[in-house]
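Engineer: Listed below are the residues making up each chain.
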Amino acid sequence: MFTKLPIIVLSVLVAAVIFAPHIARYDPIAINLDEIKSAPSPGHLFGTDCKGRDVLARVLYGGRQSLGVSFAAALVSLGIGFIAGLISGYYGGMADTFIMAVVDLTLAFPSLLLAIGISVILPPTKFTVMAAIALVGWASFARLIRGQVLKVKEMAYVEAARSLGAGGLRIIAVHILPQCLSLGIVMLGIKFSGYILTEASLSFLGLGPQPPTPSWGNMIGENRAYILSEPWMVLFPGLAIAISAMCFNLFGDFMQDKYVNYDNSDNSRRRT
Amino acid sequence: MLVYITKKLVMLLLLLLGITFITFSIIKLLPGDPASGLIGQHADPDDIQRINRALGVDKPFIAQFLGYISLLMRGDFGRSYYTNRDVLTEILRKLPNTIYLASAAMSIAAIGGLLLGLTAGLRQGSAVDRLCTALSLVGLSMPVFWSGLCLIIIFSLKFQLLPPSGTGGVRFIILPAAALSLPVLASIARVTRQSVIETLSMPFIRVLKAKGMGSGRINYIHLLKNILIPLITVIGLDFASFLNGAVLTETIFGWDGIGRFTVDGIMKRDYPVILGCIITGTFVFVVVNALVDVSYQMVDPRVRIIKR
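Chains as they are written, first to last, in our numbering: chain A, 1484 to 1755; chain B, 36 to 343.
Here are the simulated distance ranges between beta carbons: (1) K1634(A) x M248(B): 35 to 43 Å; (2) A1643(A) x L106(B): 51 to 59 Å; (3) T41(B) x I1668(A): 38 to 46 Å; (4) I40(B) x A1643(A): 42 to 50 Å; (5) D111(B) x A1708(A): 36 to 44 Å.
Below, in silico cross-link-like pairs of lysine to any residue (SDA-like), each with a Cα-Cα straight-line distance of 25 Å or less: (6) K1674(A) x T168(B); (7) K303(B) x D121(B); (8) K1520(A) x C185(B); (9) K1487(A) x D164(B); (10) K1520(A) x S200(B); (11) K1487(A) x G1551(A); (12) K303(B) x T1608(A); (13) K193(B) x S1712(A); (14) K1741(A) x D164(B); (15) K63(B) x T1608(A); (16) K260(B) x S138(B); (17) K94(B) x L1605(A); (18) K43(B) x M1583(A); (19) K1487(A) x A169(B); (20) K303(B) x G1689(A); (21) K1534(A) x R1707(A); (22) K1674(A) x V173(B); (23) K303(B) x F1610(A); (24) K303(B) x Q1693(A); (25) K1634(A) x M1577(A); (26) K1674(A) x Q229(B); (27) K1741(A) x T234(B).
Don't read these hints as lab results, they were simulated from the structure.
Quantities reported herein were computed from a predicted structural model and do not represent experimental measurements.
All C-beta atoms in this analysis are idealised placements derived from N, C-alpha and C, irrespective of residue type, glycine included.
Using the sequences and the hints given, assemble the complete structure.
Structural biologist: What follows is the structure, given as structure tokens:
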């Protein structure tokens, strides 16, 4: 049950978010002063917010921001982590020392503080949050991949390729990279829920997409003042975050149990 | 041992220097200059330039950085651009509040997590185990700011038991500490459960059973000793997540600590405040991590490091 349920829920959620324009019956941005702060009802399943906008529509469209940004950030940090890890592990020497020093530095920061620091430099858009998450997240991928490269590059077949005259780049791309891919992807599955929570935290603090564009985090931040009187404005986007994070957590656990003997005390799944 | 600690200290200093450099670069890359933030963007350009000069913002990057380092060495974090108060004094005034909040949260998380993890791990596969696992999953997945808001709805709005915000005594700290502790409690529970299960499958436990020791004694003396190591790791590392979480929790609960101070600084582009907070936060984090590293060797004789 714990392996199939999250995949089903996630598929439904992702499909709902992708097909948001076909599902939502209301415009997520248009202000409707006639229906301000109405409680959940058959007309507005999740109620409306302080500007009369349908919360369901905003949750669906907000998911495009939240999940999309997390996914993009995950891919970018995986990419940077791979490049840094491959160079560092394969070439060693100065490059290795330098890259690992940067990795250690990055990991020495409390992650949210660093992400906040990065995202205040850039003007607040969805790109900002993506960059901030990716620039914090790449380091643990780089360290993981470097370790794997160090193992793989000593193997006989790499030695053989080298003695046949293959260049460094070719060996990395053709012989070493494939051996690291699955590990990187498993790690991505394990860490993804953390990305969703970080994205939500940053947009909650107002560093992400700006109103009226909805994202799950900024919906909560924007309507915080109404939690005492109209809790549904905050409840539903929060549920969306919690449910998707939970599904990815379960999914990550599944990957971890199945594919890696991963050290449980590792900090890679620390929450914000 | 002495060599190890010295090496660790040197690394620590280098790390702090690097951290200062990165935060400083971040702050210098911020859009907008403090002067126009201070007196408005439409102010006279001459005034802006004058204020920038007074604040020292027009000097070259490296000069500013070196100046900042020498100030830091003297314990001078600068003054807030807005309140003109000494940043270090403000941080030192607010840090105890954050530490108070963090220790309350850690007590809840450590006790709750240990109980939950032990309950689950000792009855692996049972309904209780599955319930505990599910609970810790929920704890891990909820964003801190949202669970905080939910706690306010339930305890301040519905039952009116506790104040929704403010800094103060026990009544004020319960909700923010609970919100802050949730994800950590969950991760402690998971680690405890995992290491209970691992330890119970070890040969020495079988030996103890074979020689007739009761399960109570095995569990509470031999088992507890062995699950201590991963626990210390998690507890130490979770100070990081407390610094992360404090930024959000303190903002929601209006707690007067350095987390909220950071967020306020960001909103107002108050460079000395942001930089001071990030440096203090990261400093605490790095030092705690180093302490955790050293404390392994005291707790676990197996990890005593021989290599130089």
